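J.: Each chain, written out:
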Amino acid sequence: MTLTYIQWSALIPFLFPLAGALVIPLMVLTRTVRNEKIVRWTVWLTSLWVLYAAIRALMQLWMGGHQPSYGPLLVDRLTQFGSLIVLGSAAITVLQLWDHLHHEGWFKGETLALFLFSVTGLMIFMATTHLLVLFLALEFFSLPLYTLTGAIRVRREGAEGGLKYFISGAVASSCMLLGIVLLFGLTGSLDLMKISQFAQQQGWSDSLMLLSLGLILFGLLFKMSAVPMHQWTPDVYQAAPHPISGFMSVATKTAVFIVFIRLFIWGFLTESQGLSATVQHLLSMIGILTLFLGNLTALAQTNIKRMLAFSSIAHSGYLLLAFVSGTEQSIHYIFYYLVIYGFTNMGLFGILTAFGWVGSQTDFDHARGQGWKRPFLGIITLVLLLSLAGLPPFAGFYAKYFIFRELISSGHVWLAILAVLASLVGIYFYLRLSMVLFMEKPLQGFNYAKDHHGLSPYFWSSLSVLICFTAIVALSIWPQWTLDNVAVPTTEQPFRLIEPFITGN
Amino acid sequence: MFLAFALLTIGSALAMAFQKNVIVAGLFLVATFIGVAGLFILLSNPVSAALQIIVYAGAILVLLLFVIMMLNAHEEEPAQDDLYFQRYIALGLGIVLIGGSIILIRQSQLLQSLSEQQVHHIAPVSLNQMGAEMMTNHVISFEIIGLLLLVSMIGAISLVKKRL
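Here the protein sequences come in this chain order: A and B. Just so we're aligned, residue 1 is where the first sequence starts under this note's numbering, counting upward by one. Just so we're aligned, residue 1 is where the second sequence starts under this note's numbering, counting upward by one.
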């Protein structure tokens, strides 16, 4: 079987991280301790290089406006946008992992290999238009994440978090599989295009069709940690290595929202107004619950990672609310939000490593007065936190403002008011962390991170934090540019124009 | 025929879940696999049925039993606290789920129309067809499954690897 040039160009972005993931386990097959350092550098640089190569391949597609497809993999603008966020956050994560893994006292090559597998899985997850591939990709990116969560065996929470994530994730993905199977049985096809066509003729009124839709929605809501299914999030984020938590909060969430748009907004819900209204009601309820529960529970946290986990739950709430207004613009604002949220959260999780808060030393008490010790990192933290809280001069404000404005103009004034109230609650705990960093004195008898001269002892994670900071500042200065050049082109040529590939069923 | 195999599958699956002795539970799992294989034959797919018996009942289960015997964990460990309260909630929710799904299945008109369709005879799937299908139309899924197995292997090894 020979592939055409176009098919290759669709496959190449997936092949780079995959090749990296396949080569790295072979690279670490060394038994001598002497050349361990060389192996570490090689493995680390390889993974950075494959991520860079994939980003370049995608950038070329994006710049040229090409949207190739191969089989069930459709590399349209939506996939390209999501993959760029995933690959970008993956590159930042790899930078941070160098410091974090050395810090924890181990450096396994397999960690990076599993990580790259997860990146590939996320990209396939976003690109596919075939429900079987969708489910396989879901497993493909989840399995490495389960393992990575429990990777640090020295820490007690590691195994616990990994196991919790594994079991609850297995329940969610089996629910999703059941939904997919029901849909296959009823429509006779697994192809998204054919299912949408079938639904347009038959409508979604049938009870089993609705059930299957609900089950698929359940699986997606679990992965984006919306409220009834959010319990795993804080435990898992706390257990995982800091950079991996950041990656999960950014890349997984982005991928799930992209898939949600592809499946529901562009696939199932077109031309069936009745169901769209029901789904909107459901989403507005889940969104508001997620917002309030996330923000209110975050108030009570004494651990920075748990607080960030609850804040990421709350941000899922904002994103879900954006779907409620249901206009073309609101989809653009979701993309815009995802970009800003991605940079901010990658930065904040990176700061944990850059400050040198190893392992479980991420309580607020460990952060006391650390802002003065490293003023450079302290100020970056402050800016990122204010952006996440959505205070005016920073990018996070525009992201929230656009979503709220769209809610009001589509007639959901009450939802907008509730969302603003919830984000006011949020400001408190974001500011509390800044207060702790700058206003409180270190406690006696606490094992604070070692005193070093200079900005930060951890070069690579500081570099990654600096990158995120620069991006946020740039986005704060030119918000409209991102909206026009990144968010709006993403919706060009949506899925419905593409013919289904699989002819058999 | 269908009822016999379905009952065999569900019954032995339930027996497996309630069995305290792990090895006996493993043997019930074999019965479940045989029931599923029978269902595959009824769907005129003898290839999957054969694979089910050879791979699952033959290979994977033997491996599983070996592991259980090696770890010498025949009996289930008693739970630390019994969680009676949660048990009742789970029972209630389970009844709601089963009842709800029965109602939904009975309400579904689409399912009704499917069952009223004429059943036409389907030629059994041959190994040849299945292989060709997997390598052409479903090649991406096929590759991903392969990678999935590799990932789980690497993940398992990295979780238990001694020298870090």
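Hints were generated in silico from the structure; no laboratory data involved. Because the structure is a prediction, the values reported are computed rather than measured. Hints are not guaranteed to be accurate.
Straight-line distance between alpha carbons at most 25 Å, and here's what the computed BS3-like set of lysine-lysine pairs gives [claimed, not checked]:
#, chain 1, residue 1, chain 2, residue 2
1, A, LYS37, A, LYS108
2, A, LYS108, A, LYS194
3, A, LYS108, B, LYS20
4, B, LYS20, A, LYS37
5, A, LYS108, B, LYS161
6, A, LYS441, A, LYS373
7, A, LYS194, B, LYS20
J.: Take the hints in turn and mark each one as holding or not.
T.: Evaluation of the provided hints:
Proposed proximity of LYS37(A) and LYS108(A) is supported: the alpha carbons are some 12 Å apart, at most 25 Å. Simply put, LYS108(A) and LYS194(A) have alpha-carbon atoms about 44 Å apart, too far for the 25 Å limit, and the pair is violated. Between LYS108(A) and LYS20(B), the direct Cα distance comes to roughly 38 Å. Violation of the 25 Å bound is thereby established for this hinted pair. A hinted pair counts as satisfied when its Cα atoms are at most 25 Å apart, and LYS20(B) with LYS37(A) does not qualify at roughly 50 Å.
Of the pairs offered as hints, the one joining LYS108(A) and LYS161(B) holds, with about 9 Å between alpha carbons and a cut-off of 25 Å not exceeded. Straight-line distance between C-alpha atoms of LYS441(A) and LYS373(A) comes to about 11 Å, which keeps the hinted pair within the 25 Å bound. Straight-line distance between C-alpha atoms of LYS194(A) and LYS20(B) comes to about 46 Å, which puts the hinted pair past the 25 Å bound.
Checked against the numbered hints above, the structure violates hints 2, 3, 4, 7; every other hint is satisfied.
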